[in-house]
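J.: Sequence:
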Amino acid sequence: MGTLYQEHLDPSIHDLKVTLQDSTLIFPSQETEKKSIFLSNIDQVLNFNVQTIHFFPANPDFAQEVVTSRLKTALEKVLVPYDFMAGRLKMNPQSGRLEVECNAAGAGFVVASTQFSLDEIGDLVYPNPAFRELIVQSMDNLEADNQPLCIFQVTSFKCGGFAMGISTNHVLFDGISFKIFLENLASQSFDDKPLVVIPFHDRQLLGARSPPLVTFPHPELLKLELPIGEDSIPPVFDCKQEDLDFKIFKINSDNISYLKEKAKKNGPNENTKITSFNVVTALIWRCKALSSCNNSQRLSTVLYAVDIRSRLKPPLPFSYCGNAVLSAYASSICSKIEDEPFSKIVDMVSEGAARMTDEYARSAIDWGEIYKGFPNGEFLISSWWKLGFSEVEYPWGKPRYSCPVVYHRKDIILLFPDINNGSNNNNGNGVNVLVALPAKEMEKFQSLFHNFLASN
73 MGTLYQEHLD
83 PSIHDLKVTL
93 QDSTLIFPSQ
103 ETEKKSIFLS
113 NIDQVLNFNV
123 QTIHFFPANP
133 DFAQEVVTSR
143 LKTALEKVLV
153 PYDFMAGRLK
163 MNPQSGRLEV
173 ECNAAGAGFV
183 VASTQFSLDE
193 IGDLVYPNPA
203 FRELIVQSMD
213 NLEADNQPLC
223 IFQVTSFKCG
233 GFAMGISTNH
243 VLFDGISFKI
253 FLENLASQSF
263 DDKPLVVIPF
273 HDRQLLGARS
283 PPLVTFPHPE
293 LLKLELPIGE
303 DSIPPVFDCK
313 QEDLDFKIFK
323 INSDNISYLK
333 EKAKKNGPNE
343 NTKITSFNVV
353 TALIWRCKAL
363 SSCNNSQRLS
373 TVLYAVDIRS
383 RLKPPLPFSY
393 CGNAVLSAYA
403 SSICSKIEDE
413 PFSKIVDMVS
423 EGAARMTDEY
433 ARSAIDWGEI
443 YKGFPNGEFL
453 ISSWWKLGFS
463 EVEYPWGKPR
473 YSCPVVYHRK
483 DIILLFPDIN
493 NGSNNNNGNG
503 VNVLVALPAK
513 EMEKFQSLFH
523 NFLASN
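Quick note: the sequence shown uses our numbering, first residue 73, plus one each step.
Hints may contain errors.
Within a straight-line C-alpha distance of at most 25 Å, the following computed DSS-like cross-link-like pairs (lysine-lysine) qualify [said to hold, decoys possible]: (1) K319 to K482; (2) K416 to K336; (3) K458 to K319.
Simulated from the structure, these hints should not be mistaken for lab results.
Given the structure is predicted, the values throughout are model-derived calculations rather than measurements.
Let's have the full structure, built from the sequences with the hints guiding it.
T.: Written out as structure tokens, the structure reads:
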């Protein structure tokens, strides 16, 4: 059965005692064209920062000073093909839309150190709030409207290992294009390697049609009266403070195999895709809906991101740089979620992704042109599970672990991988599920989760 991830684990270090040694702006290594970059309606609503941390063990062939220097030089190189990363976010007064002004104003680069070793800071899978010290989110010497869209922080540990913390505005990348960026950054850290992938920058491919044409209802989107581009966070990213319990539920490869077999019973729809993501999402949706359900007729809606690159006609290039994901959804009343066979819940999750055809995606983009809205649901499943950030090969090796900086929110459930220790077991096929809920809801969620996986 699924287990709690080290249920009583509490990070022993709440303060990493990070010392900032240098903070500067770095610029493209060659002159770049001054221009403005169009941001699609998908990009427009993602005006907030995303932080990731990449932990590296010590490599005796690469002193920390060498690693820092190589990363800085590599970043200067990639700021040429990724010139928008050195730009600034601006509002176009004529269109009322956000744009990236490619003005070579620079990206942030911070060098820091801590008195701890990598092993001393605890289990890297456990989202220690102290990890926030490994990423500077703004440059103190710059005005708010001149803040870099990307800031790097290299923090050295006393053992010789280090952390690479990256804060980027979400308008720049989705998970897939950020992975490609990391691969290109790593390639430029070597002495003589070319870019792994040439990024494709034409975001007009995801522009709205003229005139916009909404051909589907979009219950996964919420119409707002705010002008597009305002610095507002959508309801699904609501970060109001609540008294929340926080737990990590570990689903191993055997659990996933069991869920797939269970999904095949009771006649699933012939078009249903019984994937690891779909069965895990179905399980989480069932537990989340029923843990907070005092009304059996209440409608529960789960949101999850779908990559639309291959779904468009013609398809977008895989190297498309920007946000090419839209929110799929599955909805049902709680009584059906409780009483229906598991196969039917997986059906609904699979149908939500299958709904994302070329015309549906174009309709959603056009909806955003008319109504200026945000994703809308009971909760969002944000999957970092198979993005593969830890598989990127640098001169000094792959990261021991890569993870987002976590802020506990009731309406966002995170999926993230376990540490791959290089063993040949199947643990790497499992997933960790990070849940934050009020205490009574968490107690019920935990009971539903364990009982369901124990029912075999």
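J.: None of the hints should be skipped; say for each whether it holds.
T.: Cross-check of the supplied hints:
no., hint, result
1, K319 to K482, "12 Å, holds"
2, K416 to K336, "10 Å, holds"
3, K458 to K319, "21 Å, holds"
Hint compliance for this structure: no hint is broken.
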